[in-house]
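Protein chains: 2
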Amino acid sequence: MPSYKAPLREYRFLLHEAFNMSQYSELPGFRDAPLDVVDAILDEAAKLAEEVLQPLNQVGDREGCKLANGVVTTPSGFKEAYKTLVEGGWPALVADPAFGGQGLPNALGVLFNEMVSSSNMAFGMYPGLSHGAYSALLHHGTDEQRAMYLPKLVTGEWTGTMNLTEPHCGTDLGLLRTRAVPNGDGSFAITGTKIFISAGEHDLADNILHLVLARTEGAPAGIKGISLFIVPKFLVKEDGSLGERNGVSCGALELKMGIHGNATCVLNYDGAKGWLVGEENKGMRAMFTMMNEARLGVGLQGLSQSEAAYQNALAYAKDRLQGRSLTGPKEADKPADPLLVHPDVRRMLLNAKAFNEGARALLVWTALHGDLSHASDDAKAREFGDDMMALLTPVVKGYLTDRGFANAVEAQQVYGGHGYIEENGLSQFVRDARIAMIYEGANGVQALDLVGRKLAQNGGRGVFGFFKLIDDFVAANTNAKTESFMNALVAARKDLEAATLWFMENALQNPDNAGAGSFDYLQLFGVTSIAFMWAMMAKTAAEKLASGNGDKGFYEAKLKTARYYFERVVPETATHLTRIRVGAAPLMDFSADEF
Amino acid sequence: MPSYKAPLREYRFLLHEAFNMSQYSELPGFRDAPLDVVDAILDEAAKLAEEVLQPLNQVGDREGCKLANGVVTTPSGFKEAYKTLVEGGWPALVADPAFGGQGLPNALGVLFNEMVSSSNMAFGMYPGLSHGAYSALLHHGTDEQRAMYLPKLVTGEWTGTMNLTEPHCGTDLGLLRTRAVPNGDGSFAITGTKIFISAGEHDLADNILHLVLARTEGAPAGIKGISLFIVPKFLVKEDGSLGERNGVSCGALELKMGIHGNATCVLNYDGAKGWLVGEENKGMRAMFTMMNEARLGVGLQGLSQSEAAYQNALAYAKDRLQGRSLTGPKEADKPADPLLVHPDVRRMLLNAKAFNEGARALLVWTALHGDLSHASDDAKAREFGDDMMALLTPVVKGYLTDRGFANAVEAQQVYGGHGYIEENGLSQFVRDARIAMIYEGANGVQALDLVGRKLAQNGGRGVFGFFKLIDDFVAANTNAKTESFMNALVAARKDLEAATLWFMENALQNPDNAGAGSFDYLQLFGVTSIAFMWAMMAKTAAEKLASGNGDKGFYEAKLKTARYYFERVVPETATHLTRIRVGAAPLMDFSADEF
Numbered sequence: 231m232p233s234y235k236a237p238l239r240e241y242r243f244l245l246h247e248a249f250n251m252s253q254y255s256e257l258p259g260f261r262d263a264p265l266d267v268v269d270a271i272l273d274e275a276a277k278l279a280e281e282v283l284q285p286l287n288q289v290g291d292r293e294g295c296k297l298a299n300g301v302v303t304t305p306s307g308f309k310e311a312y313k314t315l316v317e318g319g320w321p322a323l324v325a326d327p328a329f330g331g332q333g334l335p336n337a338l339g340v341l342f343n344e345m346v347s348s349s350n351m352a353f354g355m356y357p358g359l360s361h362g363a364y365s366a367l368l369h370h371g372t373d374e375q376r377a378m379y380l381p382k383l384v385t386g387e388w389t390g391t392m393n394l395t396e397p398h399c400g401t402d403l404g405l406l407r408t409r410a411v412p413n414g415d416g417s418f419a420i421t422g423t424k425i426f427i428s429a430g431e432h433d434l435a436d437n438i439l440h441l442v443l444a445r446t447e448g449a450p451a452g453i454k455g456i457s458l459f460i461v462p463k464f465l466v467k468e469d470g471s472l473g474e475r476n477g478v479s480c481g482a483l484e485l486k487m488g489i490h491g492n493a494t495c496v497l498n499y500d501g502a503k504g505w506l507v508g509e510e511n512k513g514m515r516a517m518f519t520m521m522n523e524a525r526l527g528v529g530l531q532g533l534s535q536s537e538a539a540y541q542n543a544l545a546y547a548k549d550r551l552q553g554r555s556l557t558g559p560k561e562a563d564k565p566a567d568p569l570l571v572h573p574d575v576r577r578m579l580l581n582a583k584a585f586n587e588g589a590r591a592l593l594v595w596t597a598l599h600g601d602l603s604h605a606s607d608d609a610k611a612r613e614f615g616d617d618m619m620a621l622l623t624p625v626v627k628g629y630l631t632d633r634g635f636a637n638a639v640e641a642q643q644v645y646g647g648h649g650y651i652e653e654n655g656l657s658q659f660v661r662d663a664r665i666a667m668i669y670e671g672a673n674g675v676q677a678l679d680l681v682g683r684k685l686a687q688n689g690g691r692g693v694f695g696f697f698k699l700i701d702d703f704v705a706a707n708t709n710a711k712t713e714s715f716m717n718a719l720v721a722a723r724k725d726l727e728a729a730t731l732w733f734m735e736n737a738l739q740n741p742d743n744a745g746a747g748s749f750d751y752l753q754l755f756g757v758t759s760i761a762f763m764w765a766m767m768a769k770t771a772a773e774k775l776a777s778g779n780g781d782k783g784f785y786e787a788k789l790k791t792a793r794y795y796f797e798r799v800v801p802e803t804a805t806h807l808t809r810i811r812v813g814a815a816p817l818m819d820f821s822a823d824e825f
Numbered sequence: 231m232p233s234y235k236a237p238l239r240e241y242r243f244l245l246h247e248a249f250n251m252s253q254y255s256e257l258p259g260f261r262d263a264p265l266d267v268v269d270a271i272l273d274e275a276a277k278l279a280e281e282v283l284q285p286l287n288q289v290g291d292r293e294g295c296k297l298a299n300g301v302v303t304t305p306s307g308f309k310e311a312y313k314t315l316v317e318g319g320w321p322a323l324v325a326d327p328a329f330g331g332q333g334l335p336n337a338l339g340v341l342f343n344e345m346v347s348s349s350n351m352a353f354g355m356y357p358g359l360s361h362g363a364y365s366a367l368l369h370h371g372t373d374e375q376r377a378m379y380l381p382k383l384v385t386g387e388w389t390g391t392m393n394l395t396e397p398h399c400g401t402d403l404g405l406l407r408t409r410a411v412p413n414g415d416g417s418f419a420i421t422g423t424k425i426f427i428s429a430g431e432h433d434l435a436d437n438i439l440h441l442v443l444a445r446t447e448g449a450p451a452g453i454k455g456i457s458l459f460i461v462p463k464f465l466v467k468e469d470g471s472l473g474e475r476n477g478v479s480c481g482a483l484e485l486k487m488g489i490h491g492n493a494t495c496v497l498n499y500d501g502a503k504g505w506l507v508g509e510e511n512k513g514m515r516a517m518f519t520m521m522n523e524a525r526l527g528v529g530l531q532g533l534s535q536s537e538a539a540y541q542n543a544l545a546y547a548k549d550r551l552q553g554r555s556l557t558g559p560k561e562a563d564k565p566a567d568p569l570l571v572h573p574d575v576r577r578m579l580l581n582a583k584a585f586n587e588g589a590r591a592l593l594v595w596t597a598l599h600g601d602l603s604h605a606s607d608d609a610k611a612r613e614f615g616d617d618m619m620a621l622l623t624p625v626v627k628g629y630l631t632d633r634g635f636a637n638a639v640e641a642q643q644v645y646g647g648h649g650y651i652e653e654n655g656l657s658q659f660v661r662d663a664r665i666a667m668i669y670e671g672a673n674g675v676q677a678l679d680l681v682g683r684k685l686a687q688n689g690g691r692g693v694f695g696f697f698k699l700i701d702d703f704v705a706a707n708t709n710a711k712t713e714s715f716m717n718a719l720v721a722a723r724k725d726l727e728a729a730t731l732w733f734m735e736n737a738l739q740n741p742d743n744a745g746a747g748s749f750d751y752l753q754l755f756g757v758t759s760i761a762f763m764w765a766m767m768a769k770t771a772a773e774k775l776a777s778g779n780g781d782k783g784f785y786e787a788k789l790k791t792a793r794y795y796f797e798r799v800v801p802e803t804a805t806h807l808t809r810i811r812v813g814a815a816p817l818m819d820f821s822a823d824e825f
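Those protein sequence lines, which keep their order, are chains F and E.
First residue of the first sequence? That's 231 in this note's numbering, and the numbers climb one at a time after it.
First residue of the second sequence? That's 231 in this note's numbering, and the numbers climb one at a time after it.
Pulled out of the complex, with its shape left as it was, chain F reads as follows (with noise of 0.2 Å):
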């Protein structure tokens, strides 16, 4: 049976000591986050996922969702979960005061999001779904739609959707057929499919709101011609209570290779009662406020399976005795040595913890930034947190993903046989991060949204920043103890700008050299990021070591783990650049036929 504790200790390092949130202390939202406050919540979001969350995550694999009738029923257990998630406040963690939120800041929420996802990551998408709907409602919304949708949606009472694809399209949006014809009252008559929508339908709250695309009458060709529906499942009357069930309905549920407690729903929209959100035809702006939220909660789920399986990997790697040391029997009395002593599953562990630690302070650092880029009281900071916010989403969200899976396929690795059966829950793990790397926009198309939008932005103001906050912190920090860390620092930031200025200088001229090259740069940029992210870790941890007030074993094994991150996780860089540089020729020499 597999286990979960959060790692407490690791957010408090992040958000009191290596970026000392404290120094915001005057902004809005930060103001009403005092260190003891935040940790009391942090303790109680723990306990949540530990002790209500992660016991059900291997019934709701197992279970799975029911549909019947067209009713949907989660599996044993979830509904009340829900309802103690509710009861918690939960949901209103970082939604706005004006709403019944708490208005913190996202810096501590999507360390809430990555405890319930480590504990049950398919429960933890039914809340997650609500806050992109609450999102698109709050910033697209009228006066009139935010006060009768957001304060439900904020309490958790209901939740929310987003229905983008269909069955002949997901990526590309343009090709969307799902058609939106006025009622004459102010609504329209919503009429299509709608396929793959997470937490479309089930048995947790009273309503769901739909946030739909679709096609107007005489609308453009294209995406440019896509409009923003809400589409509640219970028509909401005036005073606010529940009215007739709209004509949205599940035609079916997905067999999946994983995330098997939450719906994946085929939605059918027959006529469905639904109103514009925004202005017709600027549907996927809208959208794209709900999706740059949700790639940082995807983002997140890569590191919380990677965290999950990690733990139980490590308690299997301390526990399980199996062979003898290389250099000689570590447990004489006993009859085998520990997994652990072995080096080859020390790699395995290391790459996971490595990551784990790092990637959970590249999220924090770009939630902060998004937090700053809204709270801060300064225009530049503001701009600041916006260009990293914007850069670092797709790097986030592909990034987090891709290194996520492998590393629970690692840690699967490390229980041999054992984790090839379903029981001790390695294989949940992995399928359940697949989809990661798969939903709100694949990381192919993350890569591309880097390469090809993100770097050019305000003339590359975000990627040119990003480097000049590196060099600032590497020549305001290197000394002896640090040397060897900022080396490889430079060297990584050296070969993440010896990308860039190469697309800058060959993707103009054929836009296939961005593309062909697209993925090892994202994985560059994630590397590179992480290591920036390890340096600012090793930075602080040597300080409180210097310092000598106590946790000396956490900041010594900080220190060991950022040097495990540089000496072998990093080099990688060099070959990313190498392959980047082959250019777009040796993929597109080839005919449809050549394949």
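By construction, these hints were calculated from the structure, which means they are not laboratory data.
One or more hints might be untrue.
[What the hints assert, rightly or not] The calculated PhoX-like cross-link candidates involving lysine-lysine, where the alpha carbons are at most 20 Å apart (straight line), are:
| # | chain 1 | residue 1 | chain 2 | residue 2 |
| --- | --- | --- | --- | --- |
| 1 | E | Lys454 | E | Lys512 |
| 2 | F | Lys309 | F | Lys296 |
| 3 | F | Lys548 | F | Lys235 |
| 4 | F | Lys454 | E | Lys564 |
| 5 | E | Lys454 | F | Lys564 |
Got chain F; can you put chain E on it based on the hints?
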């Protein structure tokens, strides 16, 4: 619905062109396999795979095996398919003619096995395991045992199993507890529990021959006290007919991540009658005979899932219209371009294609050297064949299964969200491929076998012989057309040699230096040996093109694929070497508590 076509043109290219098998036509085995016979066998095998086995692949995954009252029922259609396999005489393909086999080379046998495994991996394991039992009895059984059991294994009327793992031990067989007590009549009473026994119980064959590792009373501790026994499910009478049921039964079926169509059994031995195979306490030696055969067979499973997944992803990429080419519409009359226009989709497909063709070459080349180690009339060639087989077996097992899984994951990625839906079959390729990295010695064990045993064998004769072969090939075949490939091969070979020498210098003083670099060394060896295969294939393709004898498209595609491999895959050797040279310290400096 997934599909499969056997890559017959590829098979002919390898056997008849790149490796020119007819040069051995005077040798035993090869003598019976002239070109037209080989082609006829491949054609018939392709029909079996495509028409009989592939249609049952998803059925097996969905239904799995059932256990009721000790009886295991395989999925619908498996029994009939197995009958077809037996009636076609396929289990006899590479078996010894003295026991009814056709005695054909294993270089052909591995291609038959690839087709079976690509079309239905779980099914292929039933006859696959029999071959391991066949080998152990052939090489270590008494004349009487061979006469009693081998003919039925060769026809396929009976199947075989390998019983190593127990609940508390897998890799470390020295810990095993199953006991063997003499009955006084030459037989032993076997008692104990074995787990993870593939094809351990089923309804396909009249009898099952279990090859079981156990300890006799007073045997030395550890692996020096292990003996091998044959324990038939039904005792065999002197006239060859089946007698009473033996004391071995299936206690449970494991619920696994994949290969659902194969029965993975807990087998309970309760005083079951068994007979010693080979000498007492020399069971590990006999078992290694089975394991080495089996390891090539598992390596090809990795390739097989990569091939099957690639074929389906390629078809999807040609068919699915989504988005536009970065360089402007390619099929302007359609609503979107096919996925295949996108460089990153090509990257995923070409990673698989270049691997599949190169890995298959390595598999056939290794099997061919295994054949020559027996069949050659030249003592030097027999020794060299033996060296290559020993050296490359862990590479084939470890590298082909690691990459085979990774390619199946990338093929799934090409499908986007549809790849995550079980109906489309990509999830099954990923889930099935996963086990091949684990069983028959987890890949970490293969890497240690390579670094710790195979490098040093006979004073490094194998690895340095391999280098010399590459050098001679490069010297003899470098010209203006091949130069860029040869240079890339030489660079990879240099990295591999540097890593080899680093181990020789640093692993004796600290064996953990070998362990810490073993994974990267196996990857480096895999990339380099496949680069060698690509150099041989490219040379052949270039010659064929120059000769102007038709099939131009095939040879041109071969050269383009070679280019992709050399430019995009081979550069990773540098990172592996860098990681190896880091040594053990960054891994071993952690105390258990510091993880």
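message = To test your reading of the hints: which numbers does this structure violate?
response = No numbers; nothing is violated.
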